Every structure is written in structure tokens, then in C-alpha cells.
Amino acid sequence: QKEVEQDPGPLSVPEGAIVSLNCTYSNSAFQYFMWYRQYSRKGPELLMYTYSSGNKEDGRFTAQVDKSSKYISLFIRDSQPSDSATYLCAMKPGGYNKLIFGAGTRLAVHP
Amino acid sequence: KAGVTQTPRYLIKTRGQQVTLSCSPISGHRSVSWYQQTPGQGLQFLFEYFSETQRNKGNFPGRFSGRQFSNSRSEMNVSTLELGDSALYLCASSLGGGSENIQYFGAGTRLSVL
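Just so you know, the sequences run in chain order R and U. Residue 604 in my numbering sits at position 93 of the first sequence; the count goes up by one each step and never skips. Residue 142 in my numbering sits at position 91 of the second sequence; the count goes up by one each step and never skips.
Calculated directly from the structure, the hints in this document are not laboratory data. All clues stand as given, with none of them false.
Derived list of chain R stretches under chain U, where covered just means 3 residues or more per stretch with a C-beta under 8 Å from a C-beta of chain U:
# : region
1 : 553 to 559
2 : 599 to 612
The calculated label-pair distances, taken between Cβ atoms and stated as ranges, are:
#  : chain 1 : residue 1 : chain 2 : residue 2 : range
3  : U       : SER121    : R       : ARG588    : 40 to 48 Å
4  : R       : ALA528    : U       : GLN105    : 42 to 50 Å
5  : R       : ASN566    : U       : ARG161    : 32 to 40 Å
6  : R       : ALA528    : U       : ARG60     : 30 to 38 Å
7  : U       : ARG114    : R       : SER531    : 38 to 46 Å
8  : R       : TYR582    : U       : SER116    : 36 to 44 Å
9  : R       : SER539    : U       : THR71     : 36 to 44 Å
10 : U       : GLN105    : R       : ALA619    : 35 to 43 Å
11 : U       : SER121    : R       : PRO525    : 51 to 59 Å
12 : U       : PHE120    : R       : GLY565    : 32 to 40 Å
13 : R       : ALA619    : U       : THR89     : 16 to 24 Å
14 : U       : GLY109    : R       : ALA619    : 29 to 37 Å
What you are looking at is a predicted structure, and each value in this text was computed from that prediction instead of being measured. The C-beta atom is built at its ideal place from N, Cα and C for all residues, glycine as well.
In isolation and in its complexed conformation, chain R is listed as follows (with noise of 0.2 Å):
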């Protein structure tokens, strides 16, 4: 079983929808937890950094720490055809800087 499980999708929504990303975890001791977005034939760019539990909000994007359920999830409102890519979450240990992915979900949000 991987330390972090993430749904590969594709997920298909229309521009101007809502969308949830999730991702779940086995390991208690990740304290870090980062949203990265993938366009195709580039290297991942940081969306969202959260440290323990709670929310944070930037923009359009939300993202939400749950460590008691080991769940976390990252929400668009108002999806734009621009925001269609790979999105990659990603979690460590304090201390160490070694990231363990997701296997990332693909987005297609199409007008």
C-alpha cells in the first residue's frame, strides 16, 4: 500500500464548477502538506502550503488539512479552462525534505 493515496481520475468539469481533490495518507508523522499543479511538459508549481491541521485559503483555491482522519483536500471555486493540469499533492516529515506524492489527479475544465 502507498503512504499516499490519490484518485488518478481523469476529472472532467464544466468552467465555473467547484472542483475537490483529495488525497489520503498513512503515515501520522507528515506534518507538511503542499498542493503542486503539473501543466503537461513542465515541472510542478507549488498551489498551496499547509503546515498541521486546518484551512487556508488563497484565491480561487482552498486547502484543507484534516490529521485525525489522515484526509486532505484541495478545492477551486470558479474553475477556468487554465486551471486544466495534473494536480499533485505532496506531503514530509518535519525535519527531512524528502516529498512523497501523490500520484496525482488530472483536471480537464472545459468551457
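Could you slot chain U onto chain R? The hints should help.
This is chain U only, laid out in the frame that chain R set:
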């Protein structure tokens, strides 16, 4: 501020050859991590260098090695290439000092082994 720069962007090699990839981190960043991305295995951690020392290592064979120079630039070497080494190799840099260490990725080097 310039981002993480990886060179070359594309490489084609044949089995048995060796290859060296280069990564220039964001100015002021002292940690460089390397990852391999494949369709089957996703993104997997190779190793991390901080202040010219390997600080963490993933589960890859000894054919994969790296080093870091005094200016924080890093190189990754793969010897005796196998077909399965075809992948996107990503470099990420971070400040490196504390626990937080947000990692920023380069565009990657796409390696094809024929």
C-alpha cells in the same frame, strides 16, 4: 528572481551509457533535491544535497548518484543506463535550513533511453 534551472531539457541516450544532469537552484537556496517522474511510479525522491553533503537518499540503486558544489549547483549522474531509466528528472531547491523548507521545482530534464 530566477527560478530553478535545469539543463539540458531533453536527452536521448542508449543503454549502457551514462548521463549527467545539471541543476541551478534559486539564488540563496542551499538545498537541492532530485526526483524521478514516470507514468507508472509517479514522482519519487532520489536524494537531497545540502551544503555539499547528501542529507537524504531514496530507494534507488547506486547507479544514481549526485553531488553539490560550493555555489549550491548540483549535478545528478546515472551510469549504465537502462530502458527503465527513461523519465522526467526534476530538481527542486529550498532554503534548506529549517523544517519548513518549501521546495520549488525546475522544468525538468526529459531523458529517453533507447
